[in-house]
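Enquirer: Below are the chains, spelled out letter by letter.
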Amino acid sequence: GESVGLHLPTLSVQEGDNSIINCAYSNSASDYFIWYKQESGKGPQFIIDIRSNMDKRQGQRVTVLLNKTVKHLSLQIAATQPGDSAVYFCAEGYAAGNKLTFGGGTRVLVKP
Amino acid sequence: DAGVTQSPTHLIKTRGQQVTLRCSPKSGHDTVSWYQQALGQGPQFIFQYYEEEERQRGNFPDRFSGHQFPNYSSELNVNALLLGDSALYLCASSDGASAFYEQYFGPGTRLTVT
Numbered sequence: 001g002e003s004v005g006l007h008l009p010t011l012s013v014q015e016g017d018n019s020i021i022n023c024a025y026s027n028s029a030s031d032y033f034i035w036y037k038q039e040s041g042k043g044p045q046f047i048i049d050i051r052s053n054m055d056k057r058q059g060q061r062v063t064v065l066l067n068k069t070v071k072h073l074s075l076q077i078a079a080t081q082p083g084d085s086a087v088y089f090c091a092e093g094y095a096a097g098n099k100l101t102f103g104g105g106t107r108v109l110v111k112p
Numbered sequence: 001d002a003g004v005t006q007s008p009t010h011l012i013k014t015r016g017q018q019v020t021l022r023c024s025p026k027s028g029h030d031t032v033s034w035y036q037q038a039l040g041q042g043p044q045f046i047f048q049y050y051e052e053e054e055r056q057r058g059n060f061p062d063r064f065s066g067h068q069f070p071n072y073s074s075e076l077n078v079n080a081l082l083l084g085d086s087a088l089y090l091c092a093s094s095d096g097a098s099a100f101y102e103q104y105f106g107p108g109t110r111l112t113v114t
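Chains as they are written, first to last, in this note's numbering: chain H, 1 to 112; chain A, 1 to 114.
Here chain H stands alone, though its shape is the one from the complex:
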């Protein structure tokens, strides 16, 4: 498949280690945040979301942290696996609108 992003920031992580991907969002009115995973040749796949009234949410092997004070979002992946290699995007939305605004993305490469 073709590459999703040729010039994205890249995070190289050893298999089994934890990964942390960071995202700065732009709209202080945003009340909903999502992390998507995009593999080469595929559309974005929903990973986890968080509402603005929360600062942490956990899923299976993933945790999202939200810091509204500095408009920062992070995704933590525990025990990173080769299948986690992909481009990760954060997206923000707000109650008054229906669109999602995406960040620039981070490529994660998992080394065996």
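Listed below are several chain A residues computed to face chain H (Cβ distance under 10 Å; list not exhaustive):
#1 Q37
#2 G42
#3 Q44
#4 Q48
#5 Y50
#6 A92
#7 S94
#8 Q103
#9 Y104
#10 G106
Covered stretches of chain H, as calculated for chain A (at least 3 residues, CB under 8 Å):
#11 38 to 47
#12 101 to 110
No lab work stands behind these hints, which were simulated from the structure alone.
Cβ coordinates follow ideal geometry from the N, Cα and C atoms, glycine included.
Guided by the hints, dock chain A onto chain H, whose structure is given.
Expert: Below, chain A without anything else, positioned relative to chain H:
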């Protein structure tokens, strides 16, 4: 349960031509959003259709238009194609009656304009 499907997978057009891309939403979803993803960038919102009407539009020229059919499927039309329109076009569907932020994406249509 079929997810979001898009056709065609790939398309090559010449500058000035017109193109139509198609999307079928996930079963049970009635809202369709279209995004443009240039290489190396995040998706950018084009517009969203609900109840066969455009509900919201992003910062795209009028050359980009759409339609939603009674069965909730949707088309994206782009007229007078420019080289800069080359991108991956993504369709996302959601349930307008629930948390519409939960958008499920299709695999996309790769459009190349030469």
